[in-house]
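Asker: Next come the chains, spelled out residue by residue.
Number of protein chains: 2
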Amino acid sequence: MPNPTAAMLVIGDEILSGRTRDSNLHFLAGELARHGIDLKEARVVGDDHGAIVAAVNALRPAYDHVFTSGGIGPTHDDITADAIADAFGVPIAVREDARAILAAHYERAGLEFNAARQRMARIPEGARLIENPISAAPGFSLGNVHVMAGVPNIFQAMLASLLPTLTGGAPLLSQSLRVDRGEGEIAEAFGALAAQFPDLSFGSYPFVRNGAHGTNLVIRGTDAARLDAAMARLAALFPATG
Amino acid sequence: MPNPTAAMLVIGDEILSGRTRDSNLHFLAGELARHGIDLKEARVVGDDHGAIVAAVNALRPAYDHVFTSGGIGPTHDDITADAIADAFGVPIAVREDARAILAAHYERAGLEFNAARQRMARIPEGARLIENPISAAPGFSLGNVHVMAGVPNIFQAMLASLLPTLTGGAPLLSQSLRVDRGEGEIAEAFGALAAQFPDLSFGSYPFVRNGAHGTNLVIRGTDAARLDAAMARLAALFPATG
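Protein sequences, first through last, are from chains A and B. Numbering of the first sequence is given in the working numbering, commencing with residue 37 and proceeding in unit increments. Numbering of the second sequence is given in the working numbering, commencing with residue 37 and proceeding in unit increments.
Hint data in this document are derived by calculation from the structure and do not stem from the laboratory. Be a bit skeptical, because a hint or two may be false.
[To be verified] Anything over 10 Å on all C-beta distances counts as not near chain A; from chain B, calculated:
{"hint": "1", "residue": "37"}
{"hint": "2", "residue": "59"}
{"hint": "3", "residue": "67"}
{"hint": "4", "residue": "83"}
{"hint": "5", "residue": "89"}
{"hint": "6", "residue": "110"}
{"hint": "7", "residue": "125"}
{"hint": "8", "residue": "139"}
{"hint": "9", "residue": "155"}
{"hint": "10", "residue": "200"}
{"hint": "11", "residue": "246"}
{"hint": "12", "residue": "263"}
{"hint": "13", "residue": "271"}
[To be verified] Some, not all, of what chain A presents toward chain B, calculated at C-beta under 10 Å:
{"hint": "14", "residue": "55"}
{"hint": "15", "residue": "59"}
{"hint": "16", "residue": "66"}
{"hint": "17", "residue": "75"}
{"hint": "18", "residue": "80"}
{"hint": "19", "residue": "89"}
{"hint": "20", "residue": "136"}
{"hint": "21", "residue": "140"}
{"hint": "22", "residue": "144"}
{"hint": "23", "residue": "147"}
{"hint": "24", "residue": "167"}
{"hint": "25", "residue": "169"}
{"hint": "26", "residue": "173"}
{"hint": "27", "residue": "224"}
Even for Gly, the Cβ is constructed at its ideal location relative to N, Cα and C.
With the hints as extra help, turn the sequences into a complete structure.
Answerer: Now the structure itself:
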């Protein structure tokens with residue numbers, strides 16, 4: 037059975053303006069690979085209602101899961117929850133269980149549970165909450181769309197709450213070989229080997245270190261025995277020169 | 037006159053598998069902001085012909101410019117040039133000027149100009165070359181799609197060759213204020229101020245440092261006088277507490 041598929045949607049003007057370098061995509065990619073969910077595509081859009089709705093509605097029918105990051109805080113530019121509700125055509129309102137979680141959190145912290153903070157209890161109808169052990173304000177899953185915070189440590193904590201509830205497949209395995217030759221030297225033999233293992237993915241990543249060209253060759257797949265067989269062939273093609 | 041708009045397409049299995057953390061999007065975002073081109077969207081797809089063609093043909097009619105990174109090296113998984121040619125419905129073949137640049141480069145380096153390396157001279161019909169001062173193999177622009185390498189220092193060098201040839205608009209300016217209060221404390225006043233400056237973009241980015249909550253407030257726009265006016269109002273709302 038093929039692995040479930042997924043897309044990510046990163047939401048936030050700060051990524052597209054160059055202010056902030058996103059790190060959630062890279063973190064999610066690694067976690068999904070380990071969990072056996074194939075990340076097929078990612079998109080980044082700004083804090084724009086129409087752009088979020090359009091991206092969610094393009095991605096959710098195309099993949100088993102859609103993971104979003106960003107735009108669920110207390111400020112006026114946090115518009116993700118409303119956009120998700122609109123994308124699904126469902127109402128959104130303050131939900132009692134989310135409100136209670138936040139009220140308890142702010143009472144413990146001795147902070148006012150004001151109108152801006154109560155906004156974070158607005159959840160689209162029919163969603164399941166995603167626990168946030170860092171700052172309480174929950175994420176949520178609506179259908180196959182999982183809505184999480186953009187602040188990296190909160191995103192990571194929410195993903196840790198969510199991922200065990202999703203059915204995974206075979207983890208993506210990878211092995212790599214460093215070769216002290218430029219990509220153009222090894223391309224032909226590497227490509228010919230790749231053609232003999234169509235069930236595996238062969239990637240080559242050139243680098244320059246101390247003025248010398250080298251290439252990292254990476255083979256990825258879900259079948260450990262096939263991966264071992266391909267790596268043995270690769271090691272024979274490019275014996276260690278050191 | 038509004039600024040030109042742009043999208044980025046990042047191409048490569050290594051980004052979606054979690055092996056590599058992309059840095060080209062963040063670099064491009066900063067350069068475009070300075071050049072007055074508004075980056076509106078980014079997408080990441082794998083080394084998949086159909087996915088690249090579909091993304092290019094979704095993005096190129098929607099924005100003034102599309103910038104791609106990745107997939108133009110010498111190995112079998114470098115399929116971007118063919119996918120771009122297919123997306124435009126034009127033929128692709130080895131082009132003499134590109135071949136001559138590469139032949140001279142490998143002759144200087146004392147390396148064989150083999151079949152894999154000659155593959156990097158395959159350019160879609162009608163494209164303009166983008167100079168690559170690092171490793172010679174050129175990028176290219178076809179219509180409004182600018183095709184560049186994925187290796188970060190080569191991507192950056194190609195962008196430096198390309199960007200001066202593109203008409204920019206008003207650079208995106210930003211000013212920020214650090215406030216020693218949580219996002220939920222300042223959200224209401226910040227949102228009310230934002231509503232009075234609809235031509236500017238107001239963003240708030242919470243952080244925790246030494247256990248204390250703080251928020252970076254950022255205002256962005258292209259009109260320096262308006263930005264100054266908004267910042268003066270912001271500083272009055274949240275006077276320095278230190």
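Asker: All hints are to be evaluated individually against the structure, with a verdict given for each.
Answerer: Hints, one by one, checked against the model:
1. 37: holds, 20 Å
2. 59: violated, 7 Å
3. 67: It is violated; residue 67 of chain B is separated from chain A by about 8 Å at its closest Cβ, not greater than 10 Å.
4. 83: The assertion about residue 83 of chain B is violated, with a minimum of 8 Å to chain A.
5. 89: holds, 14 Å
6. 110: About 4 Å separates residue 110 of chain B from the closest Cβ of chain A, which leaves it inside 10 Å; violated.
7. 125: Non-interface label stands for residue 125 of chain B: nearest chain A Cβ at 23 Å, farther than 10 Å.
8. 139: holds, 13 Å
9. 155: Residue 155 of chain B is in fact no farther than 10 Å from some Cβ atom of chain A, at 8 Å.
10. 200: The claim holds: residue 200 of chain B sits with its nearest Cβ about 18 Å from chain A, beyond 10 Å.
11. 246: holds, 15 Å
12. 263: holds, 13 Å
13. 271: holds, 18 Å
14. 55: Residue 55 of chain A check passes; min Cβ-Cβ to chain B is 6 Å, inside 10 Å.
15. 59: Hint on residue 59 of chain A: holds, closest Cβ of chain B at ~7 Å, below 10 Å.
16. 66: holds, 3 Å
17. 75: holds, 5 Å
18. 80: holds, 4 Å
19. 89: For residue 89 of chain A, the interface hint is violated, since the closest Cβ of chain B sits about 14 Å away, which is over 10 Å.
20. 136: violated, 17 Å
21. 140: violated, 15 Å
22. 144: Constraint on residue 144 of chain A not satisfied, violated at 14 Å.
23. 147: holds, 7 Å
24. 167: violated, 19 Å
25. 169: Interface hint status for residue 169 of chain A: violated (14 Å vs cutoff 10 Å).
26. 173: holds, 9 Å
27. 224: Hint on residue 224 of chain A: holds, closest Cβ of chain B at ~5 Å, below 10 Å.
When each numbered hint is compared with the structure, violations occur for hints 2, 3, 4, 6, 9, 19, 20, 21, 22, 24, 25.
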